[in-house]
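The residues making up each chain are set out below.
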Amino acid sequence: MKIRIKNEKSELVKILKINESFGQKCGFPKKLIDTFNLCFDELINNIINYGYNDNLLHEINVKFSFKNEFIIIIIEDDAMQFNPWNVIKPDITLSANDRNIGGLGVHLVKSFMDKVDYKFKNGKNIITLKKKYNPSTEEIK
Amino acid sequence: MEYLEQKQGDIVIINITGKIDTATSNEVEKKIVQLFETNLKKLAIDCTGLSYISSSGLRIFLMALKQLNKMQGKIVIFGMNDLIKEVFEVSGFTSIFKIFETKEEALKNL
Chain A
0 MKIRIKNEKS ELVKILKINE SFGQKCGFPK KLIDTFNLCF DELINNIINY
50 GYNDNLLHEI NVKFSFKNEF IIIIIEDDAM QFNPWNVIKP DITLSANDRN
100 IGGLGVHLVK SFMDKVDYKF KNGKNIITLK KKYNPSTEEI K
Chain B
0 MEYLEQKQGD IVIINITGKI DTATSNEVEK KIVQLFETNL KKLAIDCTGL
50 SYISSSGLRI FLMALKQLNK MQGKIVIFGM NDLIKEVFEV SGFTSIFKIF
100 ETKEEALKNL
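If you read the sequences in order, they're chains A and B.
All residue numbers for the first sequence refer to numbering that gives the first Met the number 0, where the first residue is 0 and numbers rise by one.
All residue numbers for the second sequence refer to numbering that gives the first Met the number 0, where the first residue is 0 and numbers rise by one.
Hints in this document: simulated from the structure, not taken from any laboratory.
Glycine residues also receive a C-beta, built at the ideal position from the N, C-alpha and C atoms.
Where hints are given, some of them may not hold.
What the hints assert, rightly or not - Pairs of lysine-lysine, BS3-like flavour, derived with a Cα cap of 30 angstroms: (1) A:K29 x B:K30; (2) B:K84 x A:K130; (3) B:K30 x A:K16; (4) B:K65 x A:K8; (5) A:K62 x B:K84; (6) B:K102 x A:K30; (7) A:K30 x B:K30; (8) A:K131 x B:K84; (9) B:K84 x A:K30; (10) A:K88 x A:K129; (11) B:K84 x A:K13; (12) A:K109 x B:K65; (13) B:K30 x A:K8; (14) A:K29 x B:K102; (15) B:K84 x A:K24; (16) B:K6 x B:K69; (17) A:K88 x B:K97; (18) B:K84 x A:K88.
As the list claims (entries may be wrong) - The calculated label-pair distances, taken between Cβ atoms and stated as ranges, are: (19) A:N48 x B:N38: 33 to 43 angstroms; (20) B:E36 x A:G102: 29 to 39 angstroms; (21) B:Q7 x A:K120: 48 to 58 angstroms; (22) A:E68 x B:G8: 49 to 59 angstroms; (23) A:K114 x B:S94: 19 to 29 angstroms; (24) A:F81 x B:V32: 25 to 35 angstroms; (25) A:G102 x B:K97: 18 to 28 angstroms; (26) B:Y2 x A:F81: 32 to 42 angstroms; (27) A:K123 x B:E103: 47 to 57 angstroms.
If we strip away everything but chain A, and leave its shape as in the complex, we get (with noise of 0.2 angstroms):
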């Protein structure tokens, strides 16, 4: 399934949309389809807040398939070059006090994916991310 938004942040509320929808017709559990929407809602957002210095109109596209027990999403953006995994891991053992966000959100997404992967290509950002999901095994909630 392939979904194209424009980098608009109101664009982010569809594709969270759509994931659902698409979501809830495999069958995927309600904690798979919120965890694809929290991930989204950290890349998509930093590509859209941070990833271009014109006005003006661009496309992100979404594809979503299936391959030997992985679900694999595919992120494309005509954004500056930037590989989100080479963002600092924020350091988690500081005290509340200490304490700093930054960074947080790409970690939160390569920990509950099983594998990430990035390439620019062609002038675009490839950003990968799949996660591993057998349903016969998988426990429904």
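With chain A held as given, fit chain B onto it using these hints.
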């Protein structure tokens, strides 16, 4: 996202339903900041109706904790689902927040 506040003695219990993400976090933050203007010292957050919290939501929880620490206040959280528990664990928030399964346990610890 739905936000409800309830007073029980000197405790304020807030109940947030839906999700706390980029689209809803500003609204939640505004409401909690308003609460601090009332000299609040004891805050309980009911997550029973919450699906998930993204990092923009975690930022608000951290802000509330820092604010209450400054005012010698207390904050407790209860009713988290598995995904929110994992978000807290992965972020290292489990060690800085007091988290309980039920409302009764949470309020006892305020």
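Verification of the supplied hints:
1. A hinted pair counts as satisfied when its Cα atoms are at most 30 angstroms apart, and K29 of chain A with K30 of chain B qualifies at roughly 28 angstroms.
2. Restraint check for K84 of chain B and K130 of chain A: satisfied, since their Cα atoms lie roughly 19 angstroms apart, inside the 30 angstroms limit.
3. Distance restraint check for K30 of chain B and K16 of chain A: the Cα-Cα separation of roughly 26 angstroms lies within the 30 angstroms cut-off, and the hinted pair is therefore satisfied.
4. With a C-alpha separation of about 29 angstroms, the suggested pair K65 of chain B and K8 of chain A falls inside the 30 angstroms cut-off, and the hint holds.
5. A threshold of 30 angstroms between alpha carbons decides the hint, and for K62 of chain A with K84 of chain B the separation of about 28 angstroms falls inside it, so the pair holds.
6. In summary, the hint linking K102 of chain B to K30 of chain A is supported, as the alpha carbons are separated by about 23 angstroms, within the 30 angstroms threshold.
7. Between K30 of chain A and K30 of chain B, the direct Cα distance comes to roughly 27 angstroms. Compliance with the 30 angstroms bound is thereby established for this hinted pair.
8. A threshold of 30 angstroms between alpha carbons decides the hint, and for K131 of chain A with K84 of chain B the separation of about 20 angstroms falls inside it, so the pair holds.
9. Proposed proximity of K84 of chain B and K30 of chain A is supported: the alpha carbons are some 12 angstroms apart, at most 30 angstroms.
10. Annotation: proposed proximity of K88 of chain A to K129 of chain A holds, straight-line Cα distance about 20 angstroms (limit 30 angstroms).
11. Straight-line distance between C-alpha atoms of K84 of chain B and K13 of chain A comes to about 26 angstroms, which keeps the hinted pair within the 30 angstroms bound.
12. Annotation: proposed proximity of K109 of chain A to K65 of chain B holds, straight-line Cα distance about 27 angstroms (limit 30 angstroms).
13. Our distance criterion of 30 angstroms between C-alpha atoms is met by K30 of chain B and K8 of chain A, whose separation comes to about 22 angstroms.
14. Only pairs whose Cα atoms come within 30 angstroms are accepted, and K29 of chain A paired with K102 of chain B is accepted, the gap being roughly 24 angstroms.
15. A threshold of 30 angstroms between alpha carbons decides the hint, and for K84 of chain B with K24 of chain A the separation of about 26 angstroms falls inside it, so the pair holds.
16. Between K6 of chain B and K69 of chain B the alpha-carbon distance is near 22 angstroms, which keeps this suggested pair within the 30 angstroms criterion.
17. A threshold of 30 angstroms between alpha carbons decides the hint, and for K88 of chain A with K97 of chain B the separation of about 24 angstroms falls inside it, so the pair holds.
18. About 20 angstroms separates the Cα atoms of K84 of chain B and K88 of chain A, which keeps this hinted pair within 30 angstroms; it holds.
19. As the Cβ distance of N48 of chain A to N38 of chain B is approximately 34 angstroms, the hint placing it in 33 to 43 angstroms holds.
20. Checking the proposed 29 to 39 angstroms range against E36 of chain B and G102 of chain A shows it holds: the Cβ atoms sit about 31 angstroms from each other.
21. Checked against the given bound of 48 to 58 angstroms, the beta carbons of Q7 of chain B and K120 of chain A, roughly 57 angstroms apart, stay inside it.
22. At about 52 angstroms, the beta-carbon gap between E68 of chain A and G8 of chain B stays in the expected band of 49 to 59 angstroms.
23. For the hinted restraint 19 to 29 angstroms between K114 of chain A and S94 of chain B, the CB-CB distance of approximately 28 angstroms keeps it satisfied.
24. Between F81 of chain A and V32 of chain B the C-beta distance comes to about 31 angstroms, which sits within the given range of 25 to 35 angstroms.
25. Checked against the hint of 18 to 28 angstroms, the pair G102 of chain A and K97 of chain B passes, with Cβ atoms roughly 25 angstroms apart.
26. Checking the proposed 32 to 42 angstroms range against Y2 of chain B and F81 of chain A shows it holds: the Cβ atoms sit about 33 angstroms from each other.
27. Roughly 53 angstroms separates the CB atoms of K123 of chain A and E103 of chain B, a value that falls within the hinted 47 to 57 angstroms.
Violated hints for the displayed structure: none, as all numbered hints are satisfied.
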